[in-house]
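Trainee: Chains A and B supply the protein sequences, listed in that same order.
Going by my numbering, the first sequence opens with residue 254, and the numbers climb by one from there.
Going by my numbering, the second sequence opens with residue 254, and the numbers climb by one from there.
Treat the hints as calculated values from the structure; they're not laboratory data.
We put the CB at the ideal spot given by N, CA and C, even for glycine.
Errors might be hidden in some of the hints.
Taking CB as the label site, the calculated pair distances span [unchecked claim]:
id: 1; chain 1: B; residue 1: Glu-331; chain 2: A; residue 2: Gln-503; range: 48 to 54 Å
id: 2; chain 1: B; residue 1: Pro-504; chain 2: A; residue 2: Ser-285; range: 28 to 34 Å
id: 3; chain 1: B; residue 1: Asp-502; chain 2: A; residue 2: Asp-534; range: 40 to 46 Å
id: 4; chain 1: B; residue 1: Asp-427; chain 2: A; residue 2: Glu-556; range: 51 to 57 Å
id: 5; chain 1: B; residue 1: Ser-394; chain 2: A; residue 2: Asp-534; range: 35 to 41 Å
id: 6; chain 1: A; residue 1: Ser-481; chain 2: B; residue 2: His-432; range: 33 to 39 Å
id: 7; chain 1: A; residue 1: Pro-286; chain 2: B; residue 2: Ser-394; range: 54 to 60 Å
Which chain A residues face chain B? A few, computed with CB under 8 Å, are given here [as the list claims (entries may be wrong)]:
id: 8; residue: Ile-279
id: 9; residue: Val-280
id: 10; residue: Glu-281
id: 11; residue: Leu-474
Sample of chain A residues lacking proximity to chain B, with all beta carbon distances greater than 10 Å (derived) [as the list claims (entries may be wrong)]:
id: 12; residue: Ser-267
id: 13; residue: Leu-390
id: 14; residue: Ala-413
id: 15; residue: Tyr-420
id: 16; residue: Glu-424
id: 17; residue: Ser-443
id: 18; residue: Leu-451
id: 19; residue: Gly-460
id: 20; residue: Thr-475
id: 21; residue: Ser-481
id: 22; residue: Ala-497
id: 23; residue: Ala-499
id: 24; residue: Ala-544
2 protein chains.
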Amino acid sequence: MTGQVIAIDWGSSSLRGYLLDAAGAIVERRESPGGILRVRGGDFAAALQGEVGDWLSAHPGALVIMSGMIGSRQGWREVPYVACPADLGEIAAGLERVDWGEGEAWIVPGMLDEARADQPDVMRGEETQVLGALSALSKGSGLVCLPGTHSKWVRVEGGAIQGFATYMTGEVYDLLQGHSILSRLMTKGSVSADRWFLEGVELGQEGGLLNRLFSARSRALTGDLPESAVRSYLSGLLIGDELASAVPDQPSEVCLLGAVALTELYEAALGRLGHTTRLLDSDAVAAGLFALTKQLAASGRLE
Amino acid sequence: MTGQVIAIDWGSSSLRGYLLDAAGAIVERRESPGGILRVRGGDFAAALQGEVGDWLSAHPGALVIMSGMIGSRQGWREVPYVACPADLGEIAAGLERVDWGEGEAWIVPGMLDEARADQPDVMRGEETQVLGALSALSKGSGLVCLPGTHSKWVRVEGGAIQGFATYMTGEVYDLLQGHSILSRLMTKGSVSADRWFLEGVELGQEGGLLNRLFSARSRALTGDLPESAVRSYLSGLLIGDELASAVPDQPSEVCLLGAVALTELYEAALGRLGHTTRLLDSDAVAAGLFALTKQLAASGRLE
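If we strip away everything but chain A, and leave its shape as in the complex, we get:
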């Protein structure tokens, strides 16, 4: 395998594509809102042509590799989860090929953590981002937070993903902002890591979230919280509740991987609670996908 690689992070609501050279360097990148939920009639082959058809034409021998919800039941092909713990090689062994009448195209498996019987957890896509950031972790170990609609907290040791946990922080924020009694208070302002956000983080990590949420309303009613600060305060309450359970009590290092707007909030929140942070490359998924193609080539499974 010496040619280009077309690496795709294909989620529910968006897609990120990378054209990589034979050494894994990013030649070109693009983003699109064409997540798998937008693909009509299950024609993922046509959707892929639509997104990166120019790359496919220019590099007919390129290997296509895709991670994310594209490997779910709602995606192109359901690829079984790989159980924790697993390292790069074990995840690569779970790669599955899709036959679409074109060149080689492979889908990365998601991961399943069943260590807690009452809290099994699943992810698709984040494991590949973490694989791409392994070299930035000290001794291939660390606690990685990927904030988002569903934040993932991934524990890595010796280069293997040991386990992980999902938090619905972003989704609950969106629901409260869009559909709750708090919505009407949230017409102004945006979320930033200001004093109200940090106060929310401190209060949020004390627990009693369902009570704390109401304080966004009661403090606004009593004039104690400016309306323009409600978004930041509410975001802080939710992230504080997440951190109380996701991060050990003693000062810890958390590696952050994600979009800048979110990692900045988590960086500020973690700092407030006495933890240190390390920022990982937000394009790590490209490196993860490339590393998987190398494993694939070495395994002899490529035609």
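Since chain A is already given, all that's left is putting chain B on it; use the hints.
Mentor: Showing chain B alone in chain A's frame:
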């Protein structure tokens, strides 16, 4: 004051009306979806006529007394909050009259608890329900839970409301059920105090709610949780999180006041966590409103 009383619990989204005789006994009761948010153009006088015009005609000298969001900024008249702690007499002193060209009509003040500077709390309507249930509390003291969209937990000592806390449990449940990634799993079943509900309660009270919520999805995905049980399980997780913060750790008695469908769930949840419960009259608001009219009569403020 010897005539009939028309007692109204007038909330945001519904109204409960009681026709009481001169001794406070309920002669007739009715419920309607005519909450204050449905009143067009602020014409509350017309709305009141529409709801209980027949009672007003039949008993022209009847005293009208109203509690709930009718006394809020969005209601008929904004009646200032009474601060905690306050007993029946102090709350009655905050009653305000509305002039509407008919007989006497009064609105009950809401209450404000500012004991926690970072968590002021407000309520309108629940204080009157608690006043109506005082005689059922041992020595006029107890912890009263009024479950609902916004659950209220009211601490009563020696007949006075000492403080209270609001939990957005019901609203967050509704949001998750109606608008979240969990919605598509919740097409079947209803909430009942079954084993899944109770398991949710136990897990929910351990904390980490934003993580636990995701288990409703991951357990359904892995086949561990039947789809018909997702509603009960999710309800249990939320109520468990609420109880962990609302009820003392040691076994306690909680008095429940509300609709049967909800009080049954809380009864089961509290029992599972080792607490005892006492069920209060769900029509307590009528007794509370009547007790307030007696205070009003004794104060000489009636014309």
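Trainee: With reference to the structure, classify each hint as holding or not holding.
Mentor: Hint check:
Between B/Glu-331 and A/Gln-503, the C-beta spacing of about 49 Å keeps the proposed range 48 to 54 Å intact. One distance hint, 28 to 34 Å for the beta-carbon pair B/Pro-504 and A/Ser-285, is violated here, with the actual separation near 57 Å. Distance hint for B/Asp-502 and A/Asp-534: a CB-CB separation of about 45 Å, consistent with the stated range 40 to 46 Å. The hinted window of 51 to 57 Å between B/Asp-427 and A/Glu-556 holds, with their beta carbons roughly 52 Å apart.
Our hint of 35 to 41 Å for B/Ser-394 and A/Asp-534 is violated, since their Cβ atoms are close to 60 Å apart. Here the CB-CB span from A/Ser-481 to B/His-432 is close to 25 Å, at odds with the stated 33 to 39 Å. Between A/Pro-286 and B/Ser-394 the CB atoms are about 58 Å apart, so this pair conforms to the stated range of 54 to 60 Å. Because the smallest distance between the Cβ of A/Ile-279 and any Cβ of chain B comes to about 31 Å, over 8 Å, the interface hint for this residue is violated.
For A/Val-280, the interface hint is violated, the least distance from its beta-carbon to any beta-carbon of chain B being 35 Å, above 8 Å. With a cut of 8 Å, the hint placing A/Glu-281 at the interface with chain B is violated, because the nearest CB-to-CB distance is about 32 Å. The interface hint given for A/Leu-474 is met, as the beta carbon of that residue sits about 6 Å from the closest beta carbon of chain B, less than 8 Å. Consistency note on A/Ser-267: stated as away from chain B, and its beta-carbon is indeed over 10 Å from all of that chain's, at 15 Å minimum.
The Cβ of A/Leu-390 lies farther than 10 Å from every Cβ of chain B, with a closest approach of about 23 Å, so its non-interface assignment holds. Once the 10 Å rule is applied to beta carbons, A/Ala-413 is consistent with being away from chain B; the minimum gap is 21 Å. Separation of A/Tyr-420 from chain B is inadequate, the least Cβ-Cβ distance of about 4 Å not exceeding the 10 Å criterion. Chain B draws A/Glu-424 into its interface by the beta-carbon criterion, the shortest separation being 6 Å against a cut-off of 10 Å.
A/Ser-443, annotated as away from the interface, keeps every beta carbon of chain B farther than 10 Å; the closest lies near 21 Å. Every beta carbon of chain B lies more than 10 Å from that of A/Leu-451, the smallest distance being close to 13 Å; the non-interface claim holds. Residue placement check: A/Gly-460 does not keep its beta carbon more than 10 Å from all beta carbons of chain B (closest about 6 Å). The claim that A/Thr-475 is not at the interface with chain B is violated, since a C-beta of that chain comes within 10 Å of its own (minimum 5 Å).
Against chain B, the non-interface label of A/Ser-481 holds: every CB pair exceeds 10 Å, the least being about 18 Å. The Cβ of A/Ala-497 sits about 7 Å from the closest Cβ of chain B, inside the 10 Å cut-off, so the non-interface label is violated. Non-interface call for A/Ala-499 relative to chain B: violated, since the shortest CB-CB distance, roughly 7 Å, does not exceed 10 Å. Taking the minimum C-beta to C-beta distance to chain B, about 27 Å, the non-interface status of A/Ala-544 holds against the 10 Å cut.
Hint violations for this structure: numbers 2, 5, 6, 8, 9, 10, 15, 16, 19, 20, 22 and 23, all remaining hints satisfied.
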